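Trainee: Assemble the whole structure, with the sequences as input and the hints as a guide.
Note that the protein sequences, when read in sequence, are chains C and E. Under the working numbering, think of the first position of the first sequence as 1, with each following residue one higher. Under the working numbering, think of the first position of the second sequence as 122, with each following residue one higher.
Please keep in mind that the hints were generated in silico from the structure rather than gathered at the bench. Every value quoted in this text rests on a predicted model; they were computed, and no experiment measured them. No residue lacks a Cβ here, since even glycine has one placed at the ideal position from N, Cα and C. Careful: at least some of the hints might be erroneous.
[As the list claims (entries may be wrong)] Restraint ranges, calculated between C-beta atoms of paired labels, are given here:
1. C:Leu41 / E:Gly178: 25 to 33 angstroms
2. C:Arg66 / E:Val189: 53 to 61 angstroms
3. C:Gly57 / E:Asp176: 23 to 31 angstroms
2 protein chains.
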Amino acid sequence: MSDIPGIDVLRALGDDHRLRAALVLRRHELCVCQIVELLQLAPSTVSKHLAILKDAGLVESRKRGRWVYYRAARKAALPTRVVNTIMTAFDETEQSRMDSRTLDQLLSMDPEKLCEKQRCP
Amino acid sequence: MSDIPGIDVLRALGDDHRLRAALVLRRHELCVCQIVELLQLAPSTVSKHLAILKDAGLVESRKRGRWVYYRAARKAALPTRVVNTIMTAFDETEQSRMDSRTLDQLLSMDPEKLCEKQRCP
DNA sequence: TCCTTATTTCGCCATATAACGAAATATGAA
DNA sequence: TTCATATTTCGTTATATGGCGAAATAAGGA
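Mentor: Have a look at this one:
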């Protein structure tokens with residue numbers, strides 16, 4: 001369902017628990033049980049959240065004995081400037097370019113005719 | 122369900138159709154029927170998406186006759202730098218500060234004891 | 001006023017998602 | 001090898017979300 005590359009990052013961060021986890025993992029490398037304590041959720045739930053963050057490329061993990069440690073990924077961190085930054089980035093996707101071209105066509109059409117077309121297929 | 126202020130922006134942008142709409146609205150002011158054509162969705166569906174973007178403060182609307190025009194809000198656009206920017210911004214929220222304090226306590230505890238506590242309530 | 005029509009709201013359905021507990025997995029320690 | 005335990009996977013459930021069509025709303029034009 002994620003057509004646009006990178007949008008999974010927004011979805012990953014669009015959950016309170018995951019955002020909180022992602023934030024603390026920027027400051028400290030933590031094992032799952034510590035995050036369980038912080039978020040007050042079942043271990044299985046936390047594990048899944050961390051997997052989603054990992055799939056989005058936001059965090060990475062390493063195993064030491066029975067513990068698995070997570071930390072922010074070494075590559076990927078909201079007001080006005082932030083939104084602009086996000087939008088600009090997404091603006092470089094293929095979907096955005098396609099939309100721009102489609103839009104050019106739409107703009108050359110009379111909105112009146114557009115609505116008419118939408119009424120009568 | 123949105124405890125953390127600003128996270129609704131991420132959720133709003135975390136949908137392909139809404140992201141595409143938000144992007145084109147940064148370039149052009151458009152009426153609903155034009156966005157309907159671009160996204161190829163039912164007018165009612167588009168209307169709902171636009172309301173979500175509006176609630177998140179990403180777009181604004183004005184009514185001219187029977188048409189409603191939407192455009193990017195005059196205040197609030199992914200690579201590494203973007204994610205860092207997002208994270209830094211969210212890091213200034215109260216929830217993040219609370220988490221930091223909680224974390225300080227957690228870090229002073231033996232993870233072993235933490236896990237033990239989680240086993241036996 | 002009455003009709004047409006662009007948009008929104010509402011009700012409904014299908015799917016996605018978050019949460020839990022139980023079972024499976026993996027690994028250190030006895 | 002056998003036990004204990006940290007984490008993950010799986011199955012289930014409740015809720016959230018995205019989509020549509022029909023009805024409601026609002027505003028220009030006959």
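Trainee: Run every hint past the structure and note whether it holds.
Mentor: Status of each hint after checking the structure:
no.	hint	in the structure
1	C:Leu41 / E:Gly178: 25 to 33 angstroms	29 angstroms, holds
2	C:Arg66 / E:Val189: 53 to 61 angstroms	58 angstroms, holds
3	C:Gly57 / E:Asp176: 23 to 31 angstroms	28 angstroms, holds
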